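Undergrad: Here's the letter readout for the chains.
2 protein chains.
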Amino acid sequence: MQWNLTKELLSEIREWIADGKDTALRDVTRDLHPADIAELINELRRDEAVYLYRILEEEHAAEVMLELDEDVREKLLSSLTSREIAEDLIENIDSDDAADVLSELPEEKQEEVIALLEDEEQASDIIDLLTYEEGTAGALMAKELVKVNQNWTVAHTIREMRRQAEDIEHIYTIYVVDEKEVLTGTLSVKSMIFASASMRTTINELVRNGKVRSVRDNAPAEEVAQVMKKYDLVVIPVVNENGILLGRITIDDIVDVIQEEADKDYQMASGISEDVESGDSIITLTRARLPWLLIGMMGGMISANIIGVFDITENPQMAVFMPLIAAMGGNVGVQSAALVVKALANKSALDETLAQKLAKELGVGLFNGLICSLIIFGVSLLFQIEYHLSLTASIALFSVIIFASFFGTWIPLTLNRFKIDPALATGPFVTTLNDIFGLIIYFTVGHFILIH
Amino acid sequence: MQWNLTKELLSEIREWIADGKDTALRDVTRDLHPADIAELINELRRDEAVYLYRILEEEHAAEVMLELDEDVREKLLSSLTSREIAEDLIENIDSDDAADVLSELPEEKQEEVIALLEDEEQASDIIDLLTYEEGTAGALMAKELVKVNQNWTVAHTIREMRRQAEDIEHIYTIYVVDEKEVLTGTLSVKSMIFASASMRTTINELVRNGKVRSVRDNAPAEEVAQVMKKYDLVVIPVVNENGILLGRITIDDIVDVIQEEADKDYQMASGISEDVESGDSIITLTRARLPWLLIGMMGGMISANIIGVFDITENPQMAVFMPLIAAMGGNVGVQSAALVVKALANKSALDETLAQKLAKELGVGLFNGLICSLIIFGVSLLFQIEYHLSLTASIALFSVIIFASFFGTWIPLTLNRFKIDPALATGPFVTTLNDIFGLIIYFTVGHFILIH
Chain D
1 MQWNLTKELL SEIREWIADG KDTALRDVTR DLHPADIAEL INELRRDEAV
51 YLYRILEEEH AAEVMLELDE DVREKLLSSL TSREIAEDLI ENIDSDDAAD
101 VLSELPEEKQ EEVIALLEDE EQASDIIDLL TYEEGTAGAL MAKELVKVNQ
151 NWTVAHTIRE MRRQAEDIEH IYTIYVVDEK EVLTGTLSVK SMIFASASMR
201 TTINELVRNG KVRSVRDNAP AEEVAQVMKK YDLVVIPVVN ENGILLGRIT
251 IDDIVDVIQE EADKDYQMAS GISEDVESGD SIITLTRARL PWLLIGMMGG
301 MISANIIGVF DITENPQMAV FMPLIAAMGG NVGVQSAALV VKALANKSAL
351 DETLAQKLAK ELGVGLFNGL ICSLIIFGVS LLFQIEYHLS LTASIALFSV
401 IIFASFFGTW IPLTLNRFKI DPALATGPFV TTLNDIFGLI IYFTVGHFIL
451 IH
Chain W
1 MQWNLTKELL SEIREWIADG KDTALRDVTR DLHPADIAEL INELRRDEAV
51 YLYRILEEEH AAEVMLELDE DVREKLLSSL TSREIAEDLI ENIDSDDAAD
101 VLSELPEEKQ EEVIALLEDE EQASDIIDLL TYEEGTAGAL MAKELVKVNQ
151 NWTVAHTIRE MRRQAEDIEH IYTIYVVDEK EVLTGTLSVK SMIFASASMR
201 TTINELVRNG KVRSVRDNAP AEEVAQVMKK YDLVVIPVVN ENGILLGRIT
251 IDDIVDVIQE EADKDYQMAS GISEDVESGD SIITLTRARL PWLLIGMMGG
301 MISANIIGVF DITENPQMAV FMPLIAAMGG NVGVQSAALV VKALANKSAL
351 DETLAQKLAK ELGVGLFNGL ICSLIIFGVS LLFQIEYHLS LTASIALFSV
401 IIFASFFGTW IPLTLNRFKI DPALATGPFV TTLNDIFGLI IYFTVGHFIL
451 IH
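Taken in order, these protein sequences are the chains called D and W. In terms of the working numbering, the first sequence opens at residue 1 and continues consecutively. In terms of the working numbering, the second sequence opens at residue 1 and continues consecutively.
Bound conformation, chain D alone (with noise of 0.2 angstroms):
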């Protein structure tokens, strides 16, 4: 039941597009979903783009804008004038999407578009929310919700609750405040619609008991997912220091929030440095892979280096285990970064200390290392390799295997504690500098036991 962009309809629509067939363009894009005709503007190119989305209904457009591309939606903005921007846009749209909207302009032009809006109380609630910083729970919530007072009686609720719902899309949970507005309870739709309760009963006695679950205003993002993950959540409200209720986050924010932590840490484990899809140009794709590239280019050096400090012409036959040496360090240290990167975005009060963590790896270092030197020197055996290499080979294998366990354990855990992004450690990163000291190991090794 899924709708798919075809490249018969793209065509289709750049043609209606060239030949300005308005009514063809309004009649195909009036039942498609909103994300639908983002996943098109965003193939379209910009002119296109600005055609059809001034084709678009009001309302319809304001979505739209919501869910194209970030690049693809920046461009569309520059095409607009303030005027357009604060009345078809923002307008429509809920509190948090448009301080995201916002966000995106020139500082200048955002100032415009707020000093036209007509609701006073949507301009202050989006100057509110652009004074959060991103990535937190203040950036990610909506102003929109349903709020009662725990002294209301039921009656009056509903009065009140058909007025505030008049612009939220879905309820979920009505929130429960004091005279402060301190938050001090919920309840749910559910219990509105089945209150056997009569209409003179006061809030306060329908309210769950309990605790409310919220977060702060100022909770990194990274937080609030992991809250609303481990409590089953669909909506979560945000409140200040003093519990005074400010907004409410959703689950599809914390969706995007999950997503894009997780492409984050695929993409600085295999080397690419900027939030790119294999769609983009080759331009974008080469600018987002050079980086790692001339990393792992420096680290190639070094070891080059290393490799003529040691002279491998007086022992040229060590040459035949440098590949395996470096490729079995690379691999450990990045299993090890791994490990601890995803230990500490799920870390709890339990977690082990950086001594209990390293003296760990130590333990799986040496069952690997064990293992892995004693099949080297079995196999060199074998295949008749002169002993003191095969020797050579298996103690450094055995070392370097160690090395690299708590090497990859410890760079992201110092990352992190200088709050540098503990991800950055997995992927070329590690591998490149365990591609050094395994060198290193090894021809130190074969120095004692072959010219020795």
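These are calculated hints, taken from the structure and not from any lab test. If you're wondering where the values come from, they're calculated on a predicted model, not measured in any experiment. Glycine included, each C-beta is placed from N, C-alpha and C at the ideal position. Among the hints, erroneous ones may be present.
Result set (DMTMM-like, lysine to aspartate or glutamate): computed pairs, CA atoms no more than 20 angstroms apart in a straight line [to be verified]:
| id | chain 1 | residue 1 | chain 2 | residue 2 |
| --- | --- | --- | --- | --- |
| 1 | D | Lys230 | W | Asp88 |
| 2 | D | Lys230 | W | Asp36 |
| 3 | W | Lys211 | D | Asp31 |
| 4 | D | Lys190 | W | Asp275 |
| 5 | D | Lys230 | W | Glu70 |
| 6 | W | Lys230 | D | Asp47 |
| 7 | D | Lys230 | W | Glu48 |
| 8 | D | Lys190 | W | Asp167 |
| 9 | W | Lys230 | D | Asp19 |
| 10 | W | Lys230 | D | Glu43 |
| 11 | W | Lys230 | D | Glu261 |
| 12 | D | Lys360 | W | Glu274 |
| 13 | D | Lys230 | W | Glu43 |
| 14 | W | Lys230 | D | Asp275 |
| 15 | D | Lys211 | W | Glu169 |
| 16 | W | Lys190 | D | Asp275 |
| 17 | W | Lys230 | D | Asp253 |
| 18 | W | Lys230 | D | Asp252 |
| 19 | W | Lys229 | D | Asp256 |
| 20 | W | Lys229 | D | Asp275 |
| 21 | D | Lys190 | W | Glu169 |
| 22 | D | Lys229 | W | Asp94 |
| 23 | D | Lys230 | W | Glu261 |
| 24 | W | Lys230 | D | Glu166 |
| 25 | D | Lys230 | W | Asp275 |
| 26 | W | Lys190 | D | Glu144 |
| 27 | D | Lys211 | W | Glu274 |
| 28 | W | Lys229 | D | Glu111 |
| 29 | W | Lys230 | D | Asp22 |
| 30 | D | Lys211 | W | Asp31 |
| 31 | D | Lys230 | W | Asp97 |
| 32 | D | Lys229 | W | Glu166 |
| 33 | D | Lys229 | W | Asp27 |
| 34 | D | Lys360 | W | Asp275 |
Across the chosen pairs, the derived CB separations fall in these ranges [stated by the list, open to error]:
| id | chain 1 | residue 1 | chain 2 | residue 2 | range |
| --- | --- | --- | --- | --- | --- |
| 35 | D | Arg45 | W | Asp167 | 46 to 56 angstroms |
| 36 | D | Lys211 | W | Ser191 | 24 to 34 angstroms |
| 37 | D | Arg45 | W | Arg417 | 27 to 37 angstroms |
| 38 | W | Leu370 | D | Arg45 | 53 to 63 angstroms |
| 39 | D | Ile55 | W | Thr284 | 50 to 60 angstroms |
| 40 | D | Glu121 | W | Ser191 | 19 to 29 angstroms |
Chain D is already provided as a structure; the job is to place chain W on it using the hints.
TA: What follows is chain W alone, placed relative to chain D:
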């Protein structure tokens, strides 16, 4: 406002269990969320876990069971009798959760538990859900939902809803069906509360126009996740091939699908073969990491053979650039593979064909290869490395980058064609293969430039 399990609380609870202080245990668990109690039980020894579990109130206990880690739940379940599982657990939870729990039991015990269920409708719902393959919409859906006939009046609907909604925690949406149980529309809960329509209006007249978004029972979970993400849904109905309403999938289950999918890809990319956490035992961690290390070892041994075949002792200075060539091949290959894996996960009908993908990779490879090989050539000359060796290194590097771009693109696409998880192609697998091919290219180039 997030509850945190501390070491102090954990050891206190352990003492209370040892001393049989049931009242203290009851007091501390009563106000905790089931997810918090589960976090606690996850940390206990098996006998302690069983003790604490038996102290919980029946409904609370059932929810705790659902929140436990899978391995802990399995142990706990094997300590309970079939009657306990049927009466205390299954009868208190939703059909989808019940099917999940039962699927973890040995087949005989599964049948015993189902035979002991008193509610026949629930038993047949569960048997029904157990027939769906894991990872499909059918296996994810719950049978519990609010379903009304399109010909009912508003008055009749409200009575019916009250009856049906009793067992349902969150309603979200009311599903409208015809006589044949075919899903024909949806109603929001909001529209029922605020319906200004008379009590005699039929549901038909209230239903939102437009198509209902649903998924087929045999749709893969990833597809359901994509639809719900794209359209920002919190719940989606599941239908069979005739459009008959079977159940609904809620966003909390889909959040788990998204998270698991991301974790799996990340683990593959970092060379970890099982779902392990850094907190797991040394044996488990070793078992998860060793397979990839052995693949890396095999690659290293093949590389050693190649170096032997080309006889490094004749041109020992070639060893200097070996680590650089190997590292670059690996890095480029992983980048290309990761981009393909992401593209396959978000596939759309507009996707480039294999030929287009390879052509673009060629472009990116040419760019990156040209930049990197020129740098290497320049730096080599600067450091007065022999001219022919510098030339060998830069030509080989250029070729390796282009080859690795192709190869990294081709492997995941091929795996995918044979229905193997393309994520397998990222990480150690593609790195190891590129190491080997990189060396072959390097030595072949060297053979022509340095010897002839």
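Undergrad: Out of the numbered hints, which ones does the structure contradict?
TA: Of the numbered hints given earlier, those the structure breaks are 1, 4, 6, 7, 9, 16, 24, 27, 28, 29, 32, 33, 38, listed in rising order.
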